[in-house]
Amino acid sequence: MDENMKLIMAEFAKLNNRLTGIEDQITNLGERMTSLEERTTSLEERMTNLEERMTSLEERMTSVEERMTNLEERMTNLEERMTSVEERMTNLEERMTSVEERMTSVEERMTSVEERMTSVEERMTSVEERMTSVEERTTSLEERTANIEEELIQVNSRLGMLELKADKSQDNYEKLEAYLLTIASDVKNGFYKSKHQFRLLEDQGNSIIKVLEYRELIPLN
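The sequence shown begins at 151 in this note's numbering and counts up one residue at a time.
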């Protein structure tokens, strides 16, 4: 009986020890569980923080992506505009080259026109000088012409008078000739005229001679 009790007590002691060990293990497990729970809580908090940060990062990334998309679109637009600007610049350079060539041509033509204008101005100056000389000579000729016209008027007047005198002298000459024929006929017929008639005849003859001398129809000597 004692032996059995001892065995039972020994078994109980073993069980007690095992229970104590189990309790210790449970206590240890509880402590470890508490530590794990704390660590889990910490991890959850950290995870929550990470998730929040991740959400924030995702939002920021979304914003960055949107901004990047916007930048890409703007960059594409800039590239297209740059291409357009380059094309316009090329066109502008070509137009500038054309304008420069046209300007060079205009400058050459202008130089030619200036040279021609200078030549024309020199020729015009020469013409003006010659024109001045011609005007002076024309004025002189006009004055001489006026003088000649006045002299011609006087000559015509004197010529008219001389023609009248010549006509009168011609009449007198014809009368004298007729008279001389009459005298010749009278002389031939034996009639003698008085001394007074001969003097008259002599005077008329002298007048005719003077007229003829004036008209240079007979020599003076």
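Quick caveat, the hints were computed from the structure, so don't treat them as lab data.
Even for Gly, the Cβ is constructed at its ideal location relative to N, Cα and C.
Just so you know, not all the hints are guaranteed correct.
Straight-line alpha carbon distances no greater than 20 Å define the calculated EDC-like cross-link-like pairs of lysine to aspartate or glutamate that follow [claimed, not checked]:
1) K156 - D174
2) K164 - E181
3) K315 - E299
Okay, the calculated beta carbon distance ranges per label pair [unchecked claim]:
4) E257 - E285: 38 to 48 Å
5) V277 - L309: 35 to 45 Å
6) T288 - G310: 25 to 35 Å
7) Q304 - S276: 36 to 46 Å
8) E292 - E324: 27 to 37 Å
9) E209 - E188: 47 to 57 Å
10) G180 - E222: 56 to 66 Å
For each hint, the structure was consulted:
With a CA separation close to 26 Å, the supplied pair K156 and D174 exceeds the 20 Å bound. For the given pair, K164 sits about 25 Å from E181 by alpha-carbon distance, which is inconsistent with the 20 Å threshold. With a CA separation close to 23 Å, the supplied pair K315 and E299 exceeds the 20 Å bound. Distance hint for E257 and E285: a CB-CB separation of about 40 Å, consistent with the stated range 38 to 48 Å.
The hinted window of 35 to 45 Å between V277 and L309 holds, with their beta carbons roughly 43 Å apart. Remark: the range hint 25 to 35 Å for T288 to G310 is upheld by a beta-carbon distance near 31 Å. Range check, Q304 to S276: about 41 Å between beta-carbon atoms, so the 36 to 46 Å window is met. With their beta carbons about 46 Å apart, E292 and E324 fall outside the hinted range of 27 to 37 Å.
A hinted range of 47 to 57 Å is violated for the C-beta pair E209 and E188, which are about 31 Å apart. Range check, G180 to E222: Cβ separation about 59 Å, and the 56 to 66 Å hint holds.
Taken one by one, the earlier hints fail for this structure at numbers 1, 2, 3, 8 and 9, listed in ascending order.
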